[in-house]
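Protein chains: 2
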Amino acid sequence: MIINSIKNEHIKTIKKLSQKKYQKKTHQYLIEGRHLVDEALKYGTPIEVLSTTATQDNYTKTQCKFTLISNQVASFLSDTMTPEGVFAVMPIFQSSWTIGNWIIFDGLQDPGNAGTILRTADFFDYQGVFFSDNSVSPYMPKLLRAAQGSNFHLQIITGNIITFLNKLRQCQIPILGTVLHHSAQNLANYHPPKPYALILGNEGQGISKPVAEFIDHNVIIPANGQAESLNVAVAAGILMYTLKININN
Amino acid sequence: MIINSIKNEHIKTIKKLSQKKYQKKTHQYLIEGRHLVDEALKYGTPIEVLSTTATQDNYTKTQCKFTLISNQVASFLSDTMTPEGVFAVMPIFQSSWTIGNWIIFDGLQDPGNAGTILRTADFFDYQGVFFSDNSVSPYMPKLLRAAQGSNFHLQIITGNIITFLNKLRQCQIPILGTVLHHSAQNLANYHPPKPYALILGNEGQGISKPVAEFIDHNVIIPANGQAESLNVAVAAGILMYTLKININN
Numbered sequence: 000m001i002i003n004s005i006k007n008e009h010i011k012t013i014k015k016l017s018q019k020k021y022q023k024k025t026h027q028y029l030i031e032g033r034h035l036v037d038e039a040l041k042y043g044t045p046i047e048v049l050s051t052t053a054t055q056d057n058y059t060k061t062q063c064k065f066t067l068i069s070n071q072v073a074s075f076l077s078d079t080m081t082p083e084g085v086f087a088v089m090p091i092f093q094s095s096w097t098i099g100n101w102i103i104f105d106g107l108q109d110p111g112n113a114g115t116i117l118r119t120a121d122f123f124d125y126q127g128v129f130f131s132d133n134s135v136s137p138y139m140p141k142l143l144r145a146a147q148g149s150n151f152h153l154q155i156i157t158g159n160i161i162t163f164l165n166k167l168r169q170c171q172i173p174i175l176g177t178v179l180h181h182s183a184q185n186l187a188n189y190h191p192p193k194p195y196a197l198i199l200g201n202e203g204q205g206i207s208k209p210v211a212e213f214i215d216h217n218v219i220i221p222a223n224g225q226a227e228s229l230n231v232a233v234a235a236g237i238l239m240y241t242l243k244i245n246i247n248n
Numbered sequence: 000m001i002i003n004s005i006k007n008e009h010i011k012t013i014k015k016l017s018q019k020k021y022q023k024k025t026h027q028y029l030i031e032g033r034h035l036v037d038e039a040l041k042y043g044t045p046i047e048v049l050s051t052t053a054t055q056d057n058y059t060k061t062q063c064k065f066t067l068i069s070n071q072v073a074s075f076l077s078d079t080m081t082p083e084g085v086f087a088v089m090p091i092f093q094s095s096w097t098i099g100n101w102i103i104f105d106g107l108q109d110p111g112n113a114g115t116i117l118r119t120a121d122f123f124d125y126q127g128v129f130f131s132d133n134s135v136s137p138y139m140p141k142l143l144r145a146a147q148g149s150n151f152h153l154q155i156i157t158g159n160i161i162t163f164l165n166k167l168r169q170c171q172i173p174i175l176g177t178v179l180h181h182s183a184q185n186l187a188n189y190h191p192p193k194p195y196a197l198i199l200g201n202e203g204q205g206i207s208k209p210v211a212e213f214i215d216h217n218v219i220i221p222a223n224g225q226a227e228s229l230n231v232a233v234a235a236g237i238l239m240y241t242l243k244i245n246i247n248n
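So the sequences go chain by chain: L and C. Using numbering that gives the first Met the number 0, read the first sequence as starting at 0 and increasing by one per residue. Using numbering that gives the first Met the number 0, read the second sequence as starting at 0 and increasing by one per residue.
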């Protein structure tokens with residue numbers, strides 16, 4: 000049986016999973032495309048429902064719950080111009096967090112930036128990424144596309160940032176930030192403790208005041224040219240790379 | 000007089016400037032928003048026509064050629080959800096290039112990536128960015144938004160990449176690339192010559208074969224985690240930052 004109506008109740012429910020509100024309510028999110036579904040399968044992440052078009056039926060035997068959908072339904076569900084016709088409903092479970100190097104989002108908003116940072120954090124083997132309640136949801140289609148499956152390799156946590164920072168303090172994990180402060184150190188000469196947590200702020204406002212009070216060390220990337228600042232995903236990349244290099248020196 | 004019809008010939012002409020084809024034909028492009036127009040004025044870049052809505056009329060006296068547009072026309076012209084009502088038609092002139100550190104795009108496609116790289120290149124005081132003919136146009140609205148005015152601080156050139164690489168060779172400027180090759184050096188330990196040109200490839204295919212033959216030094220960013228690669232704008236940021244640091248050591 001093929002589902003070929005976008006008014007089908009199951010399809011309408013899946014479609015809503017691209018909204019933060021419904022992700023919170025149902026504890027589910029949607030992933031799209033062969034690459035992301037393959038990564039989920041590879042890392043043993045449980046899939047709740049797999050839905051594909053007829054041409055992608057080589058997936059059918061790998062999953063218990065499976066639905067076949069028409070091309071029209073695939074276009075309706077897709078967040079891209081050229082859907083591959085592969086979708087999976089995934090469960091959201093708050094992962095327990097373990098000690099290691101962490102990235103903390105303090106009100107980061109852009110899904111492209113957030114997903115790119117997940118990809119970079121994975122590349123440099125960070126433990127996980129914490130999303131403050133007022134950050135973008137970790138389960139937005141554009142974010143997951145930019146993350147290219149790195150969300151399955153990292154511990155992803157959402158919650159109250161002050162509570163999380165207090166937990167890090169209790170575990171004596173130093174907190175790094177990028178606030179321009181007279182005590183801020185030049186990244187090039189900064190050798191971080193091990194492990195550490197690095198806070199990344201909102202694209203426009205930076206790190207918020209209450210969060211800044213938790214920072215143990217501020218590091219800065221000095222500008223040479225005329226641009227006032229860097230894109231947050233680029234700054235995060237430079238920070239993560241350099242901290243990884245400098246931790247061993 | 001306010002232009003309030005999207006069928007106005009002048010408005011229809013401006014609207015087309017967001018397409019590469021019309022940019023090439025007319026040697027003009029469109030910038031949008033107070034920040035970009037302010038940067039253009041600040042750096043003395045000539046504006047051909049300034050168009051704003053009535054609420055933005057503080058711009059009117061600064062320009063010779065000026066048109067007032069309705070909110071409806073502003074929405075039509077805008078590439079964003081919340082237009083500020085400020086647009087400027089800018090002339091495209093091929094800048095002459097001067098010796099310094101250069102970034103070279105070999106088929107780079109994504110306007111967000113390209114604009115972010117311009118912003119980073121400006122931040123680290125690069126001389127300019129060369130766009131190969133098969134790269135994204137430097138004048139796309141999304142690119143200019145991501146560049147945040149850095150396009151006015153850099154030499155921006157488009158053209159045949161092989162011709163440009165031959166010119167760099169004639170000037171004895173070493174060409175750096177990021178091809179995985181047995182001779183590739185770890186970025187952390189690589190000290191570049193001064194000045195140099197850094198090639199960045201296409202998001203999917205990387206650097207093309209004919210271009211790779213021009214590379215004098217390949218440098219790589221070693222991965223620690225499970226992500227196979229970095230986003231090109233993040234990789235570019237790490238490269239530009241580290242090369243700037245290492246050039247002085």
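Wrong hints could be hidden among the right ones.
Short, incomplete list of chain C residues facing chain L, as computed with Cβ under 7 Å [claimed, not checked]:
(1) F65
(2) D121
(3) F123
(4) H152
(5) E202
(6) G203
(7) A222
(8) N223
(9) G224
(10) L229
(11) A232
(12) V233
(13) I237
Worth flagging that the hints you see were computed from the coordinates, not collected in a lab. Cβ coordinates follow ideal geometry from the N, Cα and C atoms, glycine included.
- So, N223(C) near chain L? Judge it on the closest CB pair being under 7 Å. Nearest chain L Cβ about 4 Å off; hint holds.
- Query: Any CB of chain L closer than 7 Å to the CB of A222(C)?
  - Reply: Interface hint status for A222(C): holds (5 Å vs cutoff 7 Å).
- Any CB of chain L closer than 7 Å to the CB of D121(C)? holds (4 Å)
- Have a go at the V233(C) hint: is there a Cβ in chain L nearer than 7 Å to its own Cβ? holds (4 Å)
- Holds or violated: is there a CB of chain L closer than 7 Å to the CB of E202(C)? violated (11 Å)
- Item | Status of the hint placing F65(C) at chain L (closest C-beta pair under 7 Å) | violated (27 Å)
- Holds or violated: is the Cβ of F123(C) closer than 7 Å to a Cβ in chain L? Check passed: Cβ of F123(C) comes within 5 Å of chain L, closer than 7 Å.
- Message: The hint names H152(C) as touching chain L; please verify it with the least Cβ-Cβ distance against 7 Å.
- Response: Result: holds, 4 Å to nearest chain L Cβ.
- Going by Cβ atoms only, is I237(C) closer than 7 Å to chain L? holds (5 Å)
- Using 7 Å as the Cβ threshold, decide whether L229(C) counts as touching chain L. With a closest approach of 5 Å, the L229(C) hint holds.
- Query: When the nearest CB of chain L is found for G224(C), is that gap smaller than 7 Å?
  - Reply: holds (4 Å)
- So, A232(C) near chain L? Judge it on the closest CB pair being under 7 Å. holds (6 Å)
The structure shown violates the earlier hints numbered 1, 5 and 6.
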